[in-house]
Amino acid sequence: MRQNAALLTVVIPAVFAAFGLATGRISRPWAEQSALVGTGAALAAAVVELLAVLRDGPAGAVGFLGRVDTGAAVINLDLRADQLSATVGVAVGVVALCVQIYSTAYLAGEGTPEAPTRYPAYAATVTMFTAAMMLVIHADDLVALLIGWEAMGLASYLLVGHHSERPAARAAAVKAFLVTRVGDLGVLMAVVVLLIGAGTTSISSLTARAAADDLPGTVLAGAAVLLLAGVAGKSAQFPLHTWLPDAMEGPTPISALIHAATMVAAGVFLVARLLPLYLVVPGALGVAAVIAAISMLGAALAALAQDDLKRLLAWSTISQVAYMLGGVAVARDAGGAAPGIFHLLSHAAFKALLFLVAGCVIHVTGSTMLTDMGGLRRTHRWLSWVLALGLASLAGLPPLSGFWSKEAVLTAADDAAHAGAWTGWVVLLSGLATTLVTGLYAGRAWSMVALGSPRPAQMQVGDAVTEEPHETPAPEQDVHKLPAAMTWPLVVLAIPTLLLGLVLIRPSDLLAEMHVDIVTGVTGALLALAGLGWALSAPRLGAIDISAALPAPARVLLRDGYRLDDVQRALVVRPAMAVARSVRSGDRDVIDAYVRGVARASRWAGGVARRAQGGLATGYVAWAVFGAVVVGVAGMVIT
Amino acid sequence: MSGQEILFGALAVLAVASGLIAVTGTRVVHCALWLVVSLGSLAGVYLVLGAEVVALVQLLVYVGAVVVLVLFALMLTRAPISPSRRLDAPPAQRIAAAVVGVAVAGVVGGALMIAVGDTAIQVDAGRGAPRPIATAIFGGWVLPFEILSVLLLAALIAALAVTRDRTPR
Amino acid sequence: MIHLVGPVVLAAALAGIGIYGLLARRNAVLVLIGAELLLNAVNVLLVTASALPAGGLAALLQPPTDTTLGADPLLPGQVMTIFVITIAAAEIGVALAIVLLLFRARATSDLTAVRELGEASATYTETPGAGEWPERVTT
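Residue numbers (the working numbering), protein chains in the order written: chain A, 1 to 639; chain B, 1 to 169; chain C, 1 to 139.
Hints may be right or wrong, so weigh each one.
Chain C residues, not near chain A, derived (Cβ > 12 Å throughout) [as the list claims (entries may be wrong)]:
no.	residue
1	P53
2	A59
3	P76
4	A105
5	L117
Stretch by stretch, here's where chain B covers chain C in the computed footprint (C-beta under 8 Å, at least three residues) [as the list claims (entries may be wrong)]:
no.	region
6	5-11
7	20-33
8	93-99
Calculated from the structure, these hints are not laboratory results.
Source: prediction; values computed, not measured.
A virtual CB, placed ideally from N, CA and C, is assigned to each residue, including glycine.
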């Protein structure tokens, strides 16, 4: 039962993606239905798998793509059904289904000829992405995981660049693909190292052998560090994080699914899966902790200075994923991944909620810039409360899920610090500082979007029937109404945002080794409240945006992401383009010159030869006689 | 050196010299007349070698008809009467022609001299008398003779056809 | 007694002079004079060959063992010389007709001025006209 369910979570969306791609052009309802049914069935399969695993325990060796005999080793491309994969699978399924429903309204209609919505391709790609993520989650072999990993990268490229008529979208898609590719190379090399050094890439056998100290140290160390490169790339951690803010060029539901809830969490998931390996390699988790600490605080500070709502949420994602990575990095035994995984689940809920709310706000105001928003509390009161819920969970206010998960991470760091690990101190201190800054930017976001006076765009009459006015500023103005497909997913995602903390009452085996220390919890809550209050107090100090308190050069530096994009361009892009240009000029000026030279030489030879055709009859005779003389002499000489 | 050889030598020198002047001269009509001299001395050579009929035919046809035709053509093409340098091709071409000429002469002469060596012949004048020639022509060579008649007829018709006035009346 | 070297050298010299005259002259008629000299060189050789005894040059170089061979009664050397003369006459008739035609068309008998068939000439064109007759020069 578990095995079949695990298999179905991967196969169903893959099949429906192919079907949707093939038939979606026929009619849009077909594309919609195949996407919704595919994703819904995947979610159902994940739920069944979770229930079965909770009842019967984990099961491995679910044959998926058969076995490959490479000569050096045998690769069994199998799946695995255990609590980790089932839980994350349910989370992925829920978010994916909400996003699919939301997208039917977000990408409604055909768009304009200059900016078509191209919904069928979009929906099929999202379904394909769901299948790939399910494969990554359920894979029991690193090669199978790599297949899903690469498929996710492809889907991310296609979806970020969905509005391909915009050059910014195309550039962002290429950047996302290339930066994650750098990380993917690390994963590929790690697979090769393990194949050659350990003779297997099966996750279950690797973890078992690592726990039993059966693997050579150098192989493990190499594989662990190389895999961290992939984690940094896919999960947008320093220094491979530069693609995520630009990836916001894609449609907002995509940001919710890929860049908040699932793909960016896949890196952390990989470390959690292979935690027994990491526990055996000294220093690997230390590297992870340092990366997490830098990303956490740096991204939170950058989010403080963003002018674009989606970019603010993107930097926030980088910071929160760093929390997850930090939570895993302070683990001291195989079950210690629990805080990181719990934060993964709660972040999936509240960040997806935040992105979908942002999509609604963008839909209503027609712009993504924070300066174009305001007064949401008055025009769309319900929406502004949902936004408040998401932001409060992000900041970590009790009793919301974000509070419990973040405090679980901080408690684990605290325990590790008191046990003598330096990684614990690093994660704890940067985590606490980040909590304050997170409160700051969450409060800033709410005050800029919900407080103040509404912009005229929000007041325009929409194309749908107006419901009963809840809080119209003036009776003669109608407000822009949001379609139901965009509001119901918000409700669905708000539930775990509110209630996920209840899991701690009776946690499953996966989440068993996790608790929240009261001192840490109170400290964290106070820090979050301080940040929120500080930000919300900005109107009293004259401005609605607290980041105006920052000195202007600092603000610009933060907004541009510490100019790391420029560093990347100078270090990587410019040399690569220079190499490309030199290769092209080598081909064009050196090799092509030979080709052109051949042509030119032929013409020159032809020009020379044509002078023999003088047109003078006696000239031709002369040549003939001369030839005859030569032949005669040759004949005489030879004989 | 027999008398025949001396006579032959004198006529040969005359033929070669007048041939040279014919091909390098600057007045066209003079060239044609020097050609007459050359052809005539060649007729003498044939006589020395014992071919009477050939010598006479040479004089009749070559000197009497061919050179006359050449003179007619020169007149009809308004050849310049005065000495003209424009009769010769550009110097480069002349040098090439000289080279080719010398090469041909060298090859032909050299090959034949090697073949011939130092041999000498006795000329039998009776062999070239009219009766043996006529017997040979109308005996064994009658078919080529008839074909040549047709050839002459064809040449006549061709010359007429080529130069016919084609403007419609 | 005539040594064979004489006629051979005469023929070679006439051939060389004829070739020179054929190639080095501009006027079409003078070119034909060179051709005539060339033909005469051949005639000299033919007549010389007819004067050879029975058995030909080989008999001269090496006295034959078989002395019953008689001279060829068909006298090929001399008869062919007559034929060559005839053909030369026919040839020059047609050639001069062509030269006259050229003069009518171009008012010149200069061969270097009529180079249209050669690709390197100044008046060469890739697409000549559709084969009309050249204009006639009225005399």
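Here is how each hint holds up against the structure:
Separation of C:P53 from chain A is adequate, the least Cβ-Cβ distance of about 26 Å exceeding the 12 Å criterion. Listed as outside the interface, C:A59 is consistent with that label: its C-beta sits roughly 23 Å from the nearest C-beta of chain A, beyond the 12 Å cut-off. Every Cβ of chain A is farther than 12 Å from the Cβ of C:P76; the closest lies at roughly 24 Å, confirming the non-interface assignment. No beta-carbon of chain A comes within 12 Å of the beta-carbon of C:A105; the shortest separation is about 15 Å.
Non-interface status of C:L117 relative to chain A is broken: a Cβ of that chain comes within 12 Å, the nearest being about 5 Å off. Here's how the region 5-11 of chain C fares: 7 of its residues keep a CB closer than 8 Å to some CB of chain B, so the rule of at least three is met and the hint holds. Closer than 8 Å: that is the beta-carbon criterion, and the region 20-33 of chain C has 13 residues meeting it against chain B, so the requirement of 3 holds. Against chain B, the region 93-99 of chain C contributes 6 residues with a C-beta closer than 8 Å to a partner C-beta. That satisfies the three-residue criterion, and the hint holds.
In summary, the one numbered hint that this structure violates is 5.
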